[in-house]
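Student: The lines below spell out each chain.
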Amino acid sequence: MPAYKFYYFPIRGLGEAPRQIFALAGVEFENIGISDEKWETFQKTETPFGQMPLLEVDGKQIPQSFAICRYIASQHGLAGKTPFEAAWVDALADQYKDFNNDFKKFFYVQLGFEDGDKEEYKKEHGIPARDKFFPLIVKQIKDNGSGLLVGSSATWVDILIAEAVSRIAENVPGFFESYPEIIAHQQKVHSIPQIKKWIEAR
Amino acid sequence: LRMVHYKLTYFDLRGRAESIRQVFAYAGVAFDDVRIPRDKWPELKPQTPFGQLPLLEVDGAPIAQSTAILRFLGKQFELTGKTPLEQAKLDMVVDQMNDFAADIKQFMMVSIGFAQGDKEALYKDLFLPNRDKHFALLVKNITGDFILGHITWADIHLANSLEGLVSKMPDVLDGFPSLKAYMERVHNTPRLRAYLSTRPAAPF
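Those protein sequences? They're chains H and A, same order as listed.
Following full-length UniProt numbering, the numbering of the first sequence begins with 1 at its first residue and continues without gaps.
Following full-length UniProt numbering, the numbering of the second sequence begins with 1 at its first residue and continues without gaps.
Think of the hints as simulated: they come from the structure by calculation, not from any bench.
Worth double-checking, as some hints may not be accurate.
Said to hold, decoys possible - Going by beta-carbon spacing under 7 angstroms, a handful of chain H positions derived as facing chain A:
#1 Trp39
#2 Thr45
#3 Glu46
#4 Phe49
#5 Val109
#6 Val138
To be verified - Subject to a maximum C-alpha distance of 25 angstroms in a straight line, what follows is the list of computed BS3-like cross-link-like pairs (lysine-lysine):
#7 H:Lys132 / A:Lys82
#8 H:Lys142 / H:Lys105
#9 H:Lys5 / H:Lys44
#10 H:Lys97 / A:Lys180
#11 A:Lys82 / H:Lys81
#12 A:Lys7 / H:Lys139
#13 A:Lys133 / H:Lys60
#14 A:Lys105 / H:Lys122
#15 H:Lys122 / H:Lys81
Quick reminder that beta carbons are idealized off the backbone N, C-alpha and C, glycines included.
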């Protein structure tokens, strides 16, 4: 078993999905939180892209959260069972990334990271981004038939989207009121024993 | 061995399909290069998985999202890393370039006339700092002829992305000679050289 070190800020953010993938895969890893004070030095000396999350595998580094997710998931049966399923996992994850690039214009204001009128940004950016992306996810869940996004068992994109949904729902009350299938998917993923255990202990 | 049938649908543009076309060209694999006129898109859109193009159909089964398509074909044609770690390296470099594209999107939209804005100001304040930051990372992470020891889907995609920028801003690689050499090295491989000399013209 290689030695895994996972570096991120001590928050959920972009780190939570990779951590949950480790948990579901049953893979031990060192979960290293880099504080804001330590970040400036760490960024210059340790990171290939000046960013986190960062995975270190037996001394070799992998930045970029999706590269990390896919790397761990693909070695533990969590990236689709065929190349075609793997492509769909990737496609859904990239579609989510496109959504988040739009959505975060509202979300950062909602969370207080940026200035702005919350209601206005929600109307301009939050709701349109949600209504463009989540119907696709609802359709995919329905077409796939297992309650999960791709194939018959959880993949890393189920974890990615469930985490995003729970974080959004916690911070924007009632945001998924007209998307019960999305809440059901999030609850289904978060009741998988290894993930439930991780969430309870974090 | 039964031949898989590939059909790629996109507009009559390079855009997000060009890297995919070049992967087919490099691999020497035939595919239907379907280019739809703009006015045909509204009726096709609801039939696509994500309401977007490019779309690849593999014996009729659809795959959306250009990077997912590229990675899939890279695996099919053995134009990818030989180990999970090598494949992760390709993913990380490509994802970083996709972050760059997202960061400069506002400038690019204004630049090609799809949005209103102050092109000069965006060039100076948005494009240049991001270009400098992301290109420096590319230089740091491409230390040999290609990202890995052999050419992969990620090199074909990156070289195409760089060429797309050069076509609009001829001096964009000034100050990054190793990236210019990298792009030219990928495009001088025989199949890509042949492809590039015969591909249809398009505004972008």
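Student: None of the hints should be skipped; say for each whether it holds.
Tutor: Verification of the hints:
no.	hint	result
1	Trp39	17 angstroms, violated
2	Thr45	14 angstroms, violated
3	Glu46	13 angstroms, violated
4	Phe49	5 angstroms, holds
5	Val109	17 angstroms, violated
6	Val138	13 angstroms, violated
7	H:Lys132 / A:Lys82	37 angstroms, violated
8	H:Lys142 / H:Lys105	29 angstroms, violated
9	H:Lys5 / H:Lys44	18 angstroms, holds
10	H:Lys97 / A:Lys180	29 angstroms, violated
11	A:Lys82 / H:Lys81	19 angstroms, holds
12	A:Lys7 / H:Lys139	23 angstroms, holds
13	A:Lys133 / H:Lys60	23 angstroms, holds
14	A:Lys105 / H:Lys122	21 angstroms, holds
15	H:Lys122 / H:Lys81	38 angstroms, violated
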